[in-house]
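Just so you know, the sequences run in chain order A and B. Each residue of the first sequence is one higher than the one before, counting from 188 in the working numbering. Each residue of the second sequence is one higher than the one before, counting from 948 in the working numbering.
FYI, nobody ran anything at the bench for these hints, they're computed from the structure. Among the clues, some could well be false.
To be clear about the criterion: a stretch of chain B counts as covered by chain A if any three or more of its residues have a C-beta under 8 Å from a C-beta of chain A, and this derived list gives those stretches [stated by the list, open to error]:
1) 1307-1320
2) 1323-1332
Residues from chain A that keep clear of chain B, each with C-beta distances beyond 12 Å, as calculated [said to hold, decoys possible]:
3) 190
4) 250
5) 275
Keep in mind that this is a model prediction, so the values were computed, not measured. Beta carbons are placed, not taken as given, at the ideal position from N, Cα and C, and that holds for glycine.
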Amino acid sequence: MSWIKIVEVDRVPQGAGLRVDVADDRVALFRIGSDVYAIGDLCSHAEASLSEGELFGTEVECPRHGSAFDVTTGAVLSLPATKPVPVYDVKVEDGFVFLRLEVS
Amino acid sequence: MSALDTTVLDTLTESQPPWRAAQMKAALTAFESQATPTGAEEEWRYVDLGIDAADLIPATQAGEKLPPGPFLTEALAQSSGRVTIIDGVVTEVALDDDAIAVRRTADLDELAPAAAVGKDKFAAAHLAFSPDGVRVEIPARYVMTRPLVIDVQATQEGVATFPHVEVAVAAEADAGVVVVYRSPDGSEMLAVPGITLEADDGGRLRFVSVQGWGDQTIGLVHQRLRLGRDATGRLGEVGLGSRIGRLDLDVQLEGAGSSAEVVGLYFGEGHQTLDYRMVITHIGRNTSSDVFLKGAVEDHAQSIFTGLLRIEKDAIRSSAFETNRNLVLSEDAKAHSVPNLEILCDDVVCGHGSSVGPLEEEHLYYLQSRGLSRARAERMLIRGFFTEVIDRLPVPVVGKPVQEAVFRRFVEAQETGRLR
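All chains, full assembly: derive it from the sequences and hints.
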């Protein structure tokens, strides 16, 4: 596991999501205030893109069927999804977002 | 100072070629001879302008440029060039595509008005006071891969502006154009754009307008589309901003085999009036048209849809459809929907449909039975309602910011408890 430089933090919209593809992982980045969070982009229910969902506080609502996830933990907060999505270690340094994940 | 003060017209005509100066003077006479609509006229029913057009102060020069908003930024990300019109004056023409020609009014021999001066007082005002404008020409058989973006701004408080845009698609050419209308919130102003669109034989035009005027702007758009033989015109009309936002659309299917599609969406909040009037005239045989508009109103907003499908007597084997669906989300909001057919030919296929109502209780119940909260269920239905039309916008790049803007409006209404 190593830190991978992903994107300028300014490219992550405030209060909305940005999808980034890192190797085989599809990650949704969210910026809330000065914090950036990263969870799996694919909804665990029907594989819609969570980065296109709406943010309510730290909760993202899937645009397709309304499942909700906590962007800080990946935990599922509303049906129809029943399983969490992955959560990634994320840090912001020198104006860039870094993710820690396994790359083969 | 007012429009009737001839010094304004003198200032405006000074820099114009003689043909245009003469046209402006003639249009001023037509302007003066007509009354400001009061809302009593059938054409202006439900619309309370609250202004007297005789008090207009026409803009004579461009004000300060506005910062780019989300619609413009997304549209420009994949464009073939940009035209900026500020207060009716063309301030920028920057093209990345050499095949397209953009000429300004002063370099033309005539102006193609979007509406005749006798149409209403504002059509006459447009022709009398429009200081400048562009004619975009796409040469025969040329296919544009990215759309041209036209940024139409009104910036000066208390002033009337008359932006003029013509798009001429030559035979067999394929063109995409996006117009974004905007003005600052909180400033009272009037904007009367005139948009003239033409596609010659076999030409194809994809055109989207995003009406994002500020919340105290009255925006009255006259727009005309004329189609030649086998030509295709696809229009997308998005209505979000303004205090009163009106689109007066005149589609002429002149050439045999021509086809027109008008898709649109609007979302009214506060005390907005969003007014869509369209007349689709089938003149040539084998012509087809499809109008599909969806809207929502909340708070004290009202929307009006009046669509007339007119089939002339020689337009045999034509087909024409129009659909208008409205969601009324608050107790005090209103949606008026008036689809009309006028068929003078007996060998045609026509259909129309319209609906006005709240979100379906049954759909909400179903979603809640699957574990969604009511608020979440409402958001899913709103998303689904508008996605159907956003997906059909003929220039897809504006889809995302439009989707976001509409959704944000709904969430705001939900969070402030304005929904019934």
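Practice task
Give me the numbers of the hints this structure contradicts, sorted from smallest to largest.
Solution key: When the structure is compared with the hints, only number 4 turns out to be violated.
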